[in-house]
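Assembly of the complex is requested from the two constituent chains, each provided in isolation within its own frame, with the hints serving as guidance.
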Amino acid sequence: MSAPLLKIDGISKRFGGNQAVKETSFHVDSGEILGLIGPNGAGKTTAFNMIAGYLESDTGDIQLNEKSIKGKKPWDICKAGIARTFQLSKPFGDLSVLENIMVGGFVRSADRRIIETKAREVVVFLGMEAIIDQDALNLTAFDRRKLELGRALATEPKLLLMDEVVAGATPNEASEMVELVKNIRDRGVSILIVEHVMHVIMNLSDRVIVLDSGNLIADGNPEEVVNDPEVMKAYFGEKYVQQQST
Amino acid sequence: MFGTATPLERGLIIIGFLCLLVLPFVITNPYHIHTATMIVYFAFMAASWNFVCGYLGQLSLGHSVFSGVAGYVTVLMFTQLGISPWIGMLFGGLLAAVLSVAIGSLTFRLKGPYFTLTTIAFAEIMRIWFENTDNFIGIPLKGSEGLVVPLVGDSWWAFQFNDKTPYYYIALGLLLMIVLATIMLEKSKLGYYLKAIRGDQDGAEALGINPTKYSLIALSISAFFTGIGGAFFAQFFRYINPERNMGIDMSIDMAIMAIIGGQGTVLGPILGAFILHPIAEITRTTLGGSFLGLHLVIYGTVLALTVLYFPQGIIVPLRRILARISGRAKK
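Chains A and B, in that order, give the protein sequences. Mind the numbering: the first sequence is residues 112 to 357 in our numbering, read in order. Mind the numbering: the second sequence is residues 22 to 352 in our numbering, read in order.
Hints are computed from structural coordinates only; laboratory data are not their basis. Treat each hint with caution, since some may be false.
[Said to hold, decoys possible] Straight line, CA to CA, 30 Å or less: simulated DSSO-like cross-link-like pairs of lysine-lysine:
hint : chain 1 : residue 1 : chain 2 : residue 2
1    : B       : K163      : B       : K185
2    : A       : K184      : B       : K210
3    : A       : K229      : B       : K234
Just chain B, same shape as in the assembly (with noise of 0.2 Å):
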């Protein structure tokens, strides 16, 4: 989509980068920084989704495991090995790619309904047994308690800092990897090959494309970046559960968030989250003390409205506008 962006475009995405690299000297407020951190981290996840699931046509609803497992894979490492979260971060992220090969090459023999049931099935069973078990041949997962990670104070290496702003600024690095990624994605024989998967299965593997093999490949890829993100949040809450890390409410989220988005597009997916995460915040702060359950009313209504008007996302009738505007600006 880089390719075909039209000035105007470019110079709005730059502008956007900017500010959101500026934003923490304006806004000082540290529940504000804690909440725009939240926003990119969830971009970053919405786009790690979309990098296969948006891609490839296929509704993953249980991505979340990926994030999980390494979640819990760095806390661990920190705390009973004493590695450093970068490091664990990176086996997390690696163990998700193999769990989600050994996961994809059961259910990518399913389409549709079916690939997203499975997908499900897995993520929560997953989520039930870390729930249910207290020690697994001798690592402490301790259930649906979920693990705390001790405080050690302002330091890089332990992945801990007493300001929001380092955290804020490592989700907006994570986040301009995977639009890097993306980029890439789409200019290489992956991201062709997997648009032709999404267009017709038959007629791709008459061209020479073994859908198995590049659907575990690009899944491989968006469940490392998961799990990186999985590692994030632990970190970033000094807390892992397998409620919050794992459970179903993050998939549907990640898949919400890039479907609104516009998915199959490098920014598609961030801008449903600068749009949902948002929404989902004030909805929630604001009525959610006084009308109880209003927000999730007001929250299920966008998601109305934006399916049923924008069904390829916001991200395509915004462009539109944006090619009028630069038209008439050539007149």
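So here's chain A without its partners, still in its complex pose (with noise of 0.2 Å):
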């Protein structure tokens, strides 16, 4: 078996008395779609942010291609193939959509005409065609994102790391994000993703793990994952799971 894109290794944050994450070890492999489930508080955005550099982890280590990526900041975590959304997007105001986009390309290529040509063809992969030329913070919230995903797949990443695609969506608009996540997954871009829509992750994810408290207490398919009493029990309580096994 070949070594996964990213393993993670007994990675663990303490925030002052809380300890939001602890001792967690999983990993992603080579195009798979990875989903990362847990309840309020469960540590999946500081699990996030460590993975991107925006935290340092306070043990362990994080393994990019068997390279560590772990303390490093999070333009060289960018540099060396890791791309990330964020909960909140906010575009670049006084660039265009286009322009937007562009500023990501900038890290693979100095020269501006590979830069635009490519960020056109992100723009058609987006079907934002139609408001290539707005200023970006004219968007409506959909779209946003969609220009939020646009620029991370620009810096041509190895990983995407996803948060929360589809909060606020409608359901049209987040049918439209889950079959562009499949297909940034067919260009061969592996993803992590946070979601709190169950049905979303059950629809895209290849596999699924549930944070809890900071603890990894679970790592399967997505059907194997939401029937585990551990899972259960940590999103619905002690009692629920008891109620549903008598």
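Dropping the structure here:
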């Protein structure tokens, strides 16, 4: 078996008295969509921020293609091949949709023409041709999300970290996003996705891991994981699990 | 902004520049030429400030320190070593750029008002130090008294002219330089990166941008130009002192002109200088004698009104009007 694309080995983060993530290990395989779920406060975003370099893990190691990226800065991690999106998308004002996406391209090339051609491809991929020259601040919330995704794609990542991409989206928009994410994976990008909307996670993920109070409590295919008593306990409480089993 | 300029706007810009070019042939009164030179000089300074602060969205009120330091370097190199101010100017600009990296690497850790306050603190520390230092390791700074550039007479080498017109053209050349530099910035990776950092710093970092690094690059270029301006100022008056060349008044002027005109645009800061300096000059000369302080009231009122009604700068509504005119012309 080949080594995983991203290997997380015992990372932890403590904020004062709060152990947000505790000695957690998991991995992302090449070409995989890995769903990361867990109740509020489970440490999902903290784990995310440690991988993307916004927080440094107190323990353990993080390896991309068997090279340690722990302790590196966000911009170096981006150069190493990990892109991310945020829960809250803020487009860069005074730049058009195309120019916003071009910002991501400068990390791979210095040639403006190459960057622009590639950015145009991303615009077509996202289906945003009609608004390509619009100022990014005038976009709807969902277009902002797509734009952020486009910026991330322009950095030509091997791994894409997505944080709650369908939060606040209409059902139509959510299914459009699901298709987009699948298409991105088909372009050869592995994806680690944090999401609260269960049907999106069930639909998308090849594999799901569950965090609860900083601990990894399940790892498996989506159907297995949602029926796992530990996971149900984390989401619905002890009583619910007991009722189900009687 | 040149890239999106309509033909009408382009025409107006060219006509405006041609007017500036022939101005000294039309007006001959030395006082008027002097005022015109000051307007162009302030436009240059505001545009230099805009190069980093406008595009990065950070308010620096300490830019005068670069102007002052470079001015002193130029004057001292001339008086002490006999080096032409043209070379001194470049050295001064480079030293200002180095100084800006030292100051910037400390202040860029802070955002918003905290950044602004530390830039003021650094500039004021330098000004007070200059004001109270007569002699620094053998270099005569002469404290608050300031330094006089000895009169040599009409000489390009010594950057001294009996007539005001050469100064005017030098200032105009500097202005042209910063305009071209800003146009290049807008098209470059640096320009995109600055706007990205201004929009969302975390988001920018995720796209491979090291905010401190690119902020410092832009700041050092801005400081270099500001330093050149400071050297020009010292040569123009043949005199330099900490209060005028390094004081907070100059920093505030640079920032306000850029903000009123439209920061983060190529021509906004220049527009700001062309509007505000004449207002300041006219109110000062007509009212300064009879109603002491009234000119400041009028100046302040203009500022308050523009900030209230055109928060993005005067250039935004102006361009909208021009777009409407050219739209009507097409029909």
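Tested hints:
For the proposed pair K163 of chain B and K185 of chain B, the alpha carbon gap of about 28 Å is at most 30 Å, so the pair holds. The straight-line distance between the Cα atoms of K184 of chain A and K210 of chain B is roughly 20 Å, inside the 30 Å bound, and the hint therefore holds. As the CA atoms of K229 of chain A and K234 of chain B are separated by approximately 25 Å, the hinted pair is consistent with the 30 Å bound.
Hint violations for this structure: none, all hints satisfied.
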